[in-house]
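K.L.:
Using the hints, position chain B against chain A.
Below, each chain spelled out in residue letters.
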Amino acid sequence: MSKKSRSKIWFLVHSWLALPIWFFVLIVCVTGTLAVVSQEIVWLANPQMRASPPADDAPRLNYDQIVAAIKQAEPDIIVDSISRPDEAHFALDVRVNYPDGRELTVYVNPYTGAIQGPAPPFNFQAFTRALHGWWLVPFTNGYSWGWYLVSFLSLPMLASLVTGLVVYKRFWKGFFRPTLRIRQGARIFWGDFHRLSGIWSIWFIAVISVTSTWFLIEAFMFDNQISISTAPVAAVVPRESVPLTTDGSPTPMISLEAAIREAKARIPGLDESFVSMPANAYSYLSVGGRSWYPLMFQTADINPYTGEVAATRLLSDRSSLEFVTESMRPLHTGDFGGIWIKLIWCFFGLLLSMMVLSGLLIWTKRTALATANALKRRNKRPRDEAATANSAGTTEISQ
Amino acid sequence: MSQVPTQASRSTLSRFWHKWRFHINVLLLLVPLGFMPKYFADAALFRGDTGLGEREIGEVQVGPWSLRLAELRNEAPRPDGPAGYMKNFNAALCDSCREQVKATYLRIGKPRSLRAAGVIFFGTPYRMGAMLPVPAKTKADAELWITMEGWDGSMHQASIPLSQASPATLAWLSTQGGKP
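Respectively, the protein sequence lines represent chains A and B. Throughout the first sequence, residue numbering follows my numbering, covering 1 to 399 in sequence. Throughout the second sequence, residue numbering follows my numbering, covering 1 to 180 in sequence.
For reference, chain A alone in the conformation it holds in the complex (with noise of 0.2 Å):
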């Protein structure tokens, strides 16, 4: 096969994996990269996430000063968990039960404890990434087909990648002297942007289309019952610790600032950010956050009646191979490192958005020049259409 019909293929391969979805495609992108800031958008439209101090040396309370300011505004109220967000300007998210049976989550000041708001009932960050993790499809017996459907993109998605690379002839180049040349039409100018943009996004491709095909393995896998965990079996408070009491109340626990030196005594370097309070009365106070690797949580189960730690998980417990895949989510949504790494990761979602549309328009353009020069041969050559947008996307390409 000659050198020219070699690269016809590929770049036949290279178009035909996005374009007759390109429109699933583009949505997918778009709301990966608007789940990516959904935090920071709901923070921009609602005043009650913000974390204002009241004076700008005011101190941050501590979680059992968090819990008492909670119960003194609202004694009914049952705390469940709190969780400090990555960055010192959101409020803290409290899990909280109303005696009605609502649960939901709060918006508490971390310096006031004061109760700023519910999170409105239309939670745009649950829902965008509902939307672009399994296109709203519900969980009925294991993962949702929607799970499937999107995260089976990550295949087309990788092979975009390395057909686009092996198309563009010597792309390295295009680092050297980036081309985008404006004033010679919009087929000329989404050709260049096309290439540019993708040889500046390989490593973000590369890293999108790798971690989602682990959460279509993931899916797999779970589905199939195969499990790689060595995450040991959730236990529960042995029924002789806990206490009775004669009075028939409740045995008292231990306080949260306890449970946290507990759980910082036995991970060193541990920046805990959510503690959450046992689920009943056998199970553990669970206190978690990160450490040097910010691509992992550790956390540690803590007895609540004698702050015994019963179990941690920590960096050292997973497996390698758990290292590789308990890092992957962090490393799809950009949510590892704070707000420049989410913004780098947004900027690339839509650089990766526009791919998409570019991809098309340029298939658009060449067919209507492929169309118009099948209709002046149309009498002659009636079937000739496709092999034309072939050789105009080869002349396209190697321009």
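Think of the hints as simulated: they come from the structure by calculation, not from any bench. Check each hint, because a few of them may be wrong.
As the list claims (entries may be wrong) - Residues on chain A that point at chain B, a partial pick, calculated with CB under 10 Å:
| id | residue |
| --- | --- |
| 1 | Leu19 |
| 2 | Trp22 |
| 3 | Val96 |
| 4 | Phe127 |
| 5 | Pro156 |
| 6 | Leu244 |
| 7 | Thr246 |
| 8 | Phe274 |
| 9 | Met277 |
| 10 | Tyr282 |
| 11 | Ser286 |
By construction, the Cβ of each residue, glycine as well, lies at the ideal position given by its N, Cα and C atoms.
P.N.:
Chain B in isolation, oriented as in the chain A frame:
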């Protein structure tokens, strides 16, 4: 002669197909649009905006205490991998017993001891949930047993017919061939 109109219509169709073949995937958007009402109904259900569950069973007296029981979903048990079929129940403790009850358990059939009281409820006294395994061989006249344990060590039990707790489960059991 008869071939002329056929050919003409085919070429209209094929032209239409050629023009729109790469835009048909826009229709995939109907999937999330169709599931959107379900998504928001589920979100409201899990927030507790629409009550304790899809179907309230009512107040059940358990010794000196009582609890309000509900089916999270008004439907048959769902398969949960190798664990078999599971049915989710939600409950809320009575106002006066909130501070006294240490744990609440659910089981199909009468438990022999507190150690075998069944699955434990997770959550707060305002809203807690338990995932009850329902074997496909369960008999139609089975009873759902509720065991409650106090912080002082006391224990109380009560039962309601499974048919009352979950008619949808009973209907499902009758299709499982495990008839008595």
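K.L.:
If a hint holds in the structure, say so; if it does not, say that too.
P.N.:
Okay, the hints, checked on the actual structure:
no.: 1; hint: Leu19; result: 5 Å, holds
no.: 2; hint: Trp22; result: 7 Å, holds
no.: 3; hint: Val96; result: 9 Å, holds
no.: 4; hint: Phe127; result: 8 Å, holds
no.: 5; hint: Pro156; result: 12 Å, violated
no.: 6; hint: Leu244; result: 5 Å, holds
no.: 7; hint: Thr246; result: 7 Å, holds
no.: 8; hint: Phe274; result: 17 Å, violated
no.: 9; hint: Met277; result: 9 Å, holds
no.: 10; hint: Tyr282; result: 6 Å, holds
no.: 11; hint: Ser286; result: 13 Å, violated
Taken one by one, the earlier hints fail for this structure at numbers 5, 8, 11, listed in ascending order.
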